[in-house]
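Listed in order, the protein sequences are those of chains F and D.
Position 218, counted from 1, in the first sequence is what the UniProt record's numbering calls 218; the numbers after and before it change by one each time, with no gaps.
Position 148, counted from 1, in the second sequence is what the UniProt record's numbering calls 148; the numbers after and before it change by one each time, with no gaps.
Hint data in this document are derived by calculation from the structure and do not stem from the laboratory.
Watch out, some of these pointers could steer you wrong.
[Stated by the list, open to error] Simulated pairs of lysine to any residue, SDA-like, Cα-Cα distance not exceeding 25 angstroms:
id, chain 1, residue 1, chain 2, residue 2
1, D, 125, F, 51
2, D, 54, D, 64
3, F, 332, F, 389
4, D, 130, F, 8
5, F, 247, D, 38
6, D, 131, F, 252
7, D, 152, F, 252
8, F, 51, F, 24
9, F, 245, D, 165
It should be emphasised that the depicted structure is a prediction, and the values quoted were computed from it without experimental measurement.
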Amino acid sequence: MHKLLASATKEFLLLTRDFGGLAILFLMPLLLVITITTIQDGTFKTLKESKIPILLVDNDKGSVSEQIRENMAAAQQFEIVPQENERKAQQLVQNGDYQLAIVIPKKLSSALNHKVQENVEGILSKFNGNDAEDPQTSTNSKKEVKLYFDPATQLSFRNSIKSGINQMVSKIETESIYKAFQEELTDDPTEEIFDTQPFITFSEIAPGDVPDKSAIPNSTQHNIPAWTLFAIFFIILPLSINMVKEKNLGTFVRLRTNPVSYGTVLGGKTIVFLAVALIQFALMLLVGVFLFPILGLPELTVAGKLPMLFFVAFFAGLAAVGLGLLLGTIAKSQEQSAPFGATFVVILAALGGVWVPVFAMPKFMQALSNISPMNWGLSAFYDVFLRNVGILELLPEIALLFLFFLITTGIAIFYNERQIAV
Amino acid sequence: MIQINQLSKKYKNAERFSVHNLDLVIDEGEVFGILGPNGAGKTTLISMLSSLLKPTSGSFTIDGLSYQGHMSRLKQLIGIVPQEYALYPTLTAFENLKYFGSMYGLKGMELTQKINEHLEILGLKPFAHKKIQTFSGGMKRRINLIAGILHKPKVLFLDEPTVGVDVQSKNAIMSFLKELNENGTTILYTSHHLNEAEEFCSRIAIIDLGTIICKGKPEELIRNEPEAKNLEEVFLARTGKALRDYA
């Protein structure tokens with residue numbers, strides 16, 4: 001125990017003597033989580049509040065294009081920038097000056113009105129027992145609204161825009177049909193014979209035992225656990241570099257000749273770096289709870305969850321430290337440990353579902369995701385943050401994280417023993 | 001004190017043995033010098049004796065104990081002063097010594113007292129709370145030495161303890177080592193400073209290509225080598241003048 005404490009004290013002193021490194025260790029994860037949450041929250045706001053400038057080439061100049069323009073303005077997502085020339089609009093989007101150009105074809109209004117009128121008259125004629133022109137044989141050709149996207153825009157953004165425009169076009173078509181019926185059935189244009197408001201609506205409700213709208217996760221509830229875990233795992237970098245430095249200094253060789261086990265040496269490192277991980281976690285929570293609301297970001301809700309959150313953070317930290325100890329034991333130089341560590345953490349994060357949810361991954365990657373400690377940690381954090389589970393439900397993930405620590409540390413000790421036999 | 005029997009070490013993928021069938025007996029209280037050109041096997045021998053490397057074949061005992069089954073006890077008996085400084089540059093001299101002393105089970109007042117005593121003897125007391133990174137080469141060598149002897153080892157392995165130090169530091173280190181030896185510590189010492197070895201060692205073995213080519217008291221070695229006036233001439237006569245470069 002005395003040797004373990006001496007080792008931990010030495011690690012603490014080494015860490016605190018490198019003030020720049022210590023600041024980076026604590027500040028960079030905070031910067032990361034603030035940046036990511038601001039960007040993600042801003043993305044939602046972009047779609048809901050702030051306006052995306054888009055080019056509108058109106059070759060129709062009729063009622064439909066006017067409606068499209070009005071609907072887009074009403075949606076408050078877009079700032080319409082008129083552009084007369086389709087070729088020019090295409091060029092501006094290609095250059096990345098605009099993310100999107102919408103080209104409304106010529107005579108769209110008259111074609112739509114004609115088509116709707118044809119259909120309505122056909123239906124009414126059937127009701128009146130008259131034969132009418134079959135809509136299938138109509139000479140009215142289909143019209144196409146062209147969308148030019150900046151090649152650099154993300155697929156998710158394109159899909160979201162396409163879905164929004166599709167919805168808008170459907171609404172215009174429906175309204176045109178209602179309007180055509182109205183014109184056929186009454187001479188008074190102010191008379192409301194149809195209720196045109198959507199009949200089916202939807203609302204999002206939390207699936208917990210006590211449905212509560214406030215429990216619906218916001219970007220903070222998602223980002224804090226995901227990026228905190230990412231930051232915790234990044235501890236493998238300073239830890240492995242610390243170990244490689246010791247090898248270069250010759251102190252590791254001296255320690256191997258001392259009557260102290262490698263496990264004790266690693267134990268000292270584990271205590272200090274685990275404490276660092278927990279302090280990182282506490283700082284992340286403080287930022288989420290106190291700083292985010294000041295920055296206009298959604299507040300992190302931790303009420304009643306703190307012991308469970310620290311319980312998960314403790315084991316996630318252990319898993320990260322175990323990986324760092326293994327990497328530090330195997331790596332022979334900082335050139336090996338730093339790039340490998342950084343890349344490996346990013347891979348683990350990707351597999352763990354930090355960027356793309358695991359359910360959205362291909363089957364093979366989903367299977368791989370099951371062996372990522374970051375997936376276990378993230379799942380445990382989501383269980384606490386978003387599903388309000390108890391300690392028993394957390395045990396499988398906690399057990400996996402602890403097992404991961406034991407296995408990685410065990411391999412590190414075994415590898416170190418093997419080194420003596422070179 | 002140290003009994004070595006047919007000890008050999010061949011590294012993985014190496015073409016030749018670094019230490020080959022080496023037999024040696026070092027008595028208690030001796031200062032035994034292992035001299036040899038680069039790549040002769042000196043550091044490999046010390047590494048095996050200090051448990052850093054497993055021998056390929058052969059065996060040895062220190063104070064009647066082998067590493068098999070007595071690892072911890074044996075490590076407590078020996079002290080090592082490696083060629084590298086093997087210190088933490090951002091820790092102070094006191095913090096470094098406190099840490100390495102703790103690894104030998106020393107603690108509390110006893111440890112603090114021992115550190116202060118040794119710092120005093122080697123002229124480093126005023127610098128106890130300065131970081132190692134501010135120390136000169138000679139000061140680091142002296143701290144490196146203290147880190148290896150705080151626990152009062154019965155056997156001390158010294159791998160070039162005075163390399164790269166000024167005359168004053170060298171003098172302080174050698175005086176301290178002599179005193180240590182007079183107090184009963186057996187010393188196994190390697191160096192390229194042949195004059196230093198001639199003066200310091202009670203017996204010497206010159207090794208080359210992993211085997212002992214001659215051994216005895218320094219004056220015997222000089223006497224037995226025709227036309228040799230000092231140990232350096234014995235060394236060159238026995239190992240040749242060809243450069244020993246290995247990569």
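Against the structure, the hints come out as follows:
About 70 angstroms separates the Cα atoms of residue 125(D) and residue 51(F), which puts this hinted pair outside 25 angstroms; it is violated. For the suggested pair residue 54(D) and residue 64(D), the alpha carbons sit about 18 angstroms apart, so the restraint of at most 25 angstroms is met. The hinted pair formed by residue 332(F) and residue 389(F) fails the criterion: a straight-line CA distance of about 43 angstroms is larger than 25 angstroms. For the suggested pair residue 130(D) and residue 8(F), the alpha carbons sit about 21 angstroms apart, so the restraint of at most 25 angstroms is met.
Restraint check: the Cα-Cα separation between residue 247(F) and residue 38(D) comes to about 22 angstroms, which is no more than 25 angstroms; the hinted pair holds. Our distance criterion of 25 angstroms between C-alpha atoms is met by residue 131(D) and residue 252(F), whose separation comes to about 19 angstroms. Between residue 152(D) and residue 252(F) the CA atoms are separated by roughly 21 angstroms; this keeps the pair inside 25 angstroms, and the hint holds. A threshold of 25 angstroms between alpha carbons decides the hint, and for residue 51(F) with residue 24(F) the separation of about 36 angstroms lies outside it, so the pair is violated.
For the proposed pair residue 245(F) and residue 165(D), the alpha carbon gap of about 24 angstroms is at most 25 angstroms, so the pair holds.
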